[in-house]
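Residue numbers (the working numbering), protein chains in the order written: chain R, 35 to 340; chain H, 2 to 202.
Incorrect hints may have been included.
Quick list of the computed label-pair ranges, beta carbon to beta carbon [claimed, not checked]: (1) H:Asp118 with R:Thr74: 41 to 47 angstroms; (2) R:Ser63 with H:Lys193: 41 to 47 angstroms; (3) R:Glu39 with H:Asp120: 48 to 54 angstroms; (4) R:Ala69 with H:Phe119: 33 to 39 angstroms; (5) R:Ala229 with H:Glu142: 55 to 61 angstroms; (6) H:Leu26 with R:Thr74: 15 to 21 angstroms; (7) R:Ser63 with H:Lys37: 18 to 24 angstroms.
Simulated from the structure, these hints should not be mistaken for lab results.
All C-beta atoms in this analysis are idealised placements derived from N, C-alpha and C, irrespective of residue type, glycine included.
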Amino acid sequence: MATLESKKLKSPYAPSKEKMNDIAYRIQSNVGVSAQEVFTIRQTSFIEQKKSPVQLSVEFGATTAKIAAPESVQPPIEEENQSVYEREITTQPQKEASPVPSNKYVETEITEIIPDTVDKGLSATENDALTPQIPQRPVPPVYKIATNNSQVQEDYNETPTDEDSLNESEAAKSGVRSVQIPWASILGFVATAMAVVGAWWVWNNIQKPSSVEDVVQTVSDQNSTATIIESSESTKNEITIEPKLVELPEEYRSLNNLLSQQESMQGTYLDFSGSSEPSKINMVKLEKKGMIVLELEDDLFNPLRL
Amino acid sequence: MSLPEKHISNRVLRTPSVSINFEKLEDSQLVSYFSKPGFKEDAFREVLRRYQEPIYRYVRNLLISAHDTEELVTRTFVSLFKKIPGIKWNASLKFFIYRLASNESISFLKQKNPTMDFDNAQKEITEYLEIDSDINPSLIEVKLQKALCYLPFKQKLVFVLAYFEGFDFEQIGELTQASAQSLKSTYEHAQKKLDIYLGVM
Numbered sequence: 035m036a037t038l039e040s041k042k043l044k045s046p047y048a049p050s051k052e053k054m055n056d057i058a059y060r061i062q063s064n065v066g067v068s069a070q071e072v073f074t075i076r077q078t079s080f081i082e083q084k085k086s087p088v089q090l091s092v093e094f095g096a097t098t099a100k101i102a103a104p105e106s107v108q109p110p111i112e113e114e115n116q117s118v119y120e121r122e123i124t125t126q127p128q129k130e131a132s133p134v135p136s137n138k139y140v141e142t143e144i145t146e147i148i149p150d151t152v153d154k155g156l157s158a159t160e161n162d163a164l165t166p167q168i169p170q171r172p173v174p175p176v177y178k179i180a181t182n183n184s185q186v187q188e189d190y191n192e193t194p195t196d197e198d199s200l201n202e203s204e205a206a207k208s209g210v211r212s213v214q215i216p217w218a219s220i221l222g223f224v225a226t227a228m229a230v231v232g233a234w235w236v237w238n239n240i241q242k243p244s245s246v247e248d249v250v251q252t253v254s255d256q257n258s259t260a261t262i263i264e265s266s267e268s269t270k271n272e273i274t275i276e277p278k279l280v281e282l283p284e285e286y287r288s289l290n291n292l293l294s295q296q297e298s299m300q301g302t303y304l305d306f307s308g309s310s311e312p313s314k315i316n317m318v319k320l321e322k323k324g325m326i327v328l329e330l331e332d333d334l335f336n337p338l339r340l
Numbered sequence: 002m003s004l005p006e007k008h009i010s011n012r013v014l015r016t017p018s019v020s021i022n023f024e025k026l027e028d029s030q031l032v033s034y035f036s037k038p039g040f041k042e043d044a045f046r047e048v049l050r051r052y053q054e055p056i057y058r059y060v061r062n063l064l065i066s067a068h069d070t071e072e073l074v075t076r077t078f079v080s081l082f083k084k085i086p087g088i089k090w091n092a093s094l095k096f097f098i099y100r101l102a103s104n105e106s107i108s109f110l111k112q113k114n115p116t117m118d119f120d121n122a123q124k125e126i127t128e129y130l131e132i133d134s135d136i137n138p139s140l141i142e143v144k145l146q147k148a149l150c151y152l153p154f155k156q157k158l159v160f161v162l163a164y165f166e167g168f169d170f171e172q173i174g175e176l177t178q179a180s181a182q183s184l185k186s187t188y189e190h191a192q193k194k195l196d197i198y199l200g201v202m
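So that you can see chain R by itself, here it is in the shape it has in the complex (with noise of 0.2 angstroms):
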């Protein structure tokens, strides 16, 4: 593993001439000294380059003598015989056309129309004979270009052969024209005519942004009194329960008078001996119950003296 020593790194910063001057220039201006460039910036020089550039021969090494292409010279063009490209229109006797049928159709007329050559049965070539002839276009001439080379020269000496009748097509003979809709268009128109259909209804449901001050009228001009409510006398009988007063029995008025007294019940102290028969039962059953404790004074609670 290479280590630091074996390879010294460098400072990967870099900073350019142009930037090192910025801080050179906050320098000079912090220090009060009149700021002046202090790293040059090389600018590239530029070449040249010269109005007349100097041919290059073509052949290897760098000689600057001109090599000029050798004049070209032709040999004279012969007159041709036109006499050899003209053309034998021949004319051979053509059928007269028959004259236009009448409308009224009539198997038997139509049978009398149809040419003669179908039910006389004639050969191929008497067939051929009577068929329309195109005329021959004429040939335009050809200009003999000067070559060395002998056999172009013969193929251009040879007569040329007859040309082929051009065929028109049954179509454009017929005059017949199929009518094409344009759908791309048609698609186009509707589809301009929905992006403005929605455009227009955007705009239109778009509302206006309205500020704090609008929305808190417009949620107070809603805000309604609020309705009170009338308080409505109930049909229900109200059941009035009046209590009835009891008198308590003597057996429990000393333990009325206990429970009612506003003193804390420690301290007080009753005087066993001196209540009447029906008190004393009742402290008894109290004691039992553990709500009072009767300190009577009896030898037997007291400790023994030893």
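Once you have looked at the hints, place chain H on chain R.
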């Protein structure tokens, strides 16, 4: 008939008739021109031309951030210009500028983070390596910079002065007020750590 207006023109100090080529002067000779009027500015510009770029690289090795580095370089040379008249030149100019830059860096870091501990690493400054556009993060040199951020600042300072700036340990000792032997062991420690970090990265 009105009197002609006085033509008031700003008087510009004439440059001295003697032209000195400061580029050919040594540092000790250059220092002597700081005290001479008329030559101080040119001598200062020559100091900038010689030491601005090395100081920029040195501070950037410590702080990583380009923006902080520019500010610190400005501060260093401004304080140098202010302190030049009162300095007794018993040390080289280069050593003085580096000491000034180190002190400015430390005070800048303390100002930025008063609770900064120089015995701990400042890993958060590695993000500046990705933010600054003038750095190519795939270079091994940049990886070394990132690894330096994982060192404690004191180790980093010693390593940068010794590895990048070429100071010997005696000079670093004068700069940091530490012994050369301890600085050497600190440097070897830092080098081992960086070898490990670079092997991992």
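Comparing the hints with the structure gives:
Range check, H:Asp118 to R:Thr74: Cβ separation about 44 angstroms, and the 41 to 47 angstroms hint holds. Between R:Ser63 and H:Lys193 the Cβ separation comes to about 45 angstroms, which falls inside the hinted range of 41 to 47 angstroms. For R:Glu39 and H:Asp120, the Cβ-Cβ distance of about 25 angstroms falls outside the hinted range of 48 to 54 angstroms, so the restraint is violated. Our hint of 33 to 39 angstroms for R:Ala69 and H:Phe119 holds, since their Cβ atoms are close to 36 angstroms apart.
Between R:Ala229 and H:Glu142 the C-beta distance comes to about 59 angstroms, which sits within the given range of 55 to 61 angstroms. In this structure, H:Leu26 and R:Thr74 meet the distance hint of 15 to 21 angstroms, their C-beta atoms being roughly 18 angstroms apart. For the pair R:Ser63 and H:Lys37, the supplied restraint of 18 to 24 angstroms holds, since their beta-carbon distance comes to about 23 angstroms.
In this structure, only the earlier hint numbered 3 is contradicted, and the remaining ones agree with it.
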